[in-house]
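Position one of the sequence shown corresponds to residue 1 (the working numbering), numbered consecutively onward.
Hints may contain errors.
[Stated by the list, open to error] Just the calculated beta-carbon pair ranges, DEER-fashion:
(1) H12 x A93: 17 to 27 Å
(2) E25 x A2: 18 to 28 Å
(3) D30 x F81: 15 to 25 Å
(4) A29 x V78: 15 to 25 Å
(5) I46 x K82: 18 to 28 Å
(6) E97 x Q15: 29 to 39 Å
(7) L83 x D30: 16 to 26 Å
[Unchecked claim] In silico SDA-like links for lysine to any residue, alpha-carbon gap of 25 Å or less:
(8) K18 x K52
(9) K31 x M1
(10) K82 x V16
(11) K52 x G88
(12) K73 x V41
(13) K73 x M61
(14) K55 x V16
(15) K82 x E102
(16) K69 x M1
(17) K52 x L83
(18) K52 x Q15
Since the hints were derived computationally from the structure, they do not count as laboratory data. Glycine included, every Cβ here is placed at the ideal spot set by N, Cα and C.
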Amino acid sequence: MAFTIGVISDTHLRQVTKEFERLYEKYLADKDLIIHAGDIVCEDVIEFLSQKPLKAVCGNMDPFELRKKLLPKEIIDVEGFKLGVIHGWGPSAGLEERILNEMPET
Numbered sequence: 001m002a003f004t005i006g007v008i009s010d011t012h013l014r015q016v017t018k019e020f021e022r023l024y025e026k027y028l029a030d031k032d033l034i035i036h037a038g039d040i041v042c043e044d045v046i047e048f049l050s051q052k053p054l055k056a057v058c059g060n061m062d063p064f065e066l067r068k069k070l071l072p073k074e075i076i077d078v079e080g081f082k083l084g085v086i087h088g089w090g091p092s093a094g095l096e097e098r099i100l101n102e103m104p105e106t
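With the hints as constraints, model all of the structure from the sequences given.
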């Protein structure tokens, strides 16, 4: 069976809501790994998503307390593939190049 990854970002939640729980069950609950690419905002979201293996990075809207617990970028190895996880920034023009410059090893 294939290893599956669910990717989420920019949740911007103050708390875990019933709608978030519903979306989790529909799209993420059956994944082997969850990646959150920042702007989580609420630590309860991290705790909720941690029902599964979770890799998360901080985003520009995450509060200081959460930024102390999360790295701004992560490089993870998944079944021999190096995956870079980072929260994008700035205008969309040139974003891919900026991200690649941050993570040349991926």
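Against the structure, the hints:
no.	hint	verdict
1	H12 x A93: 17 to 27 Å	24 Å, holds
2	E25 x A2: 18 to 28 Å	20 Å, holds
3	D30 x F81: 15 to 25 Å	20 Å, holds
4	A29 x V78: 15 to 25 Å	19 Å, holds
5	I46 x K82: 18 to 28 Å	23 Å, holds
6	E97 x Q15: 29 to 39 Å	36 Å, holds
7	L83 x D30: 16 to 26 Å	19 Å, holds
8	K18 x K52	18 Å, holds
9	K31 x M1	12 Å, holds
10	K82 x V16	30 Å, violated
11	K52 x G88	24 Å, holds
12	K73 x V41	16 Å, holds
13	K73 x M61	15 Å, holds
14	K55 x V16	18 Å, holds
15	K82 x E102	14 Å, holds
16	K69 x M1	33 Å, violated
17	K52 x L83	18 Å, holds
18	K52 x Q15	18 Å, holds
The structure does not agree with the numbered hints 10 and 16 stated previously, though it agrees with the rest.
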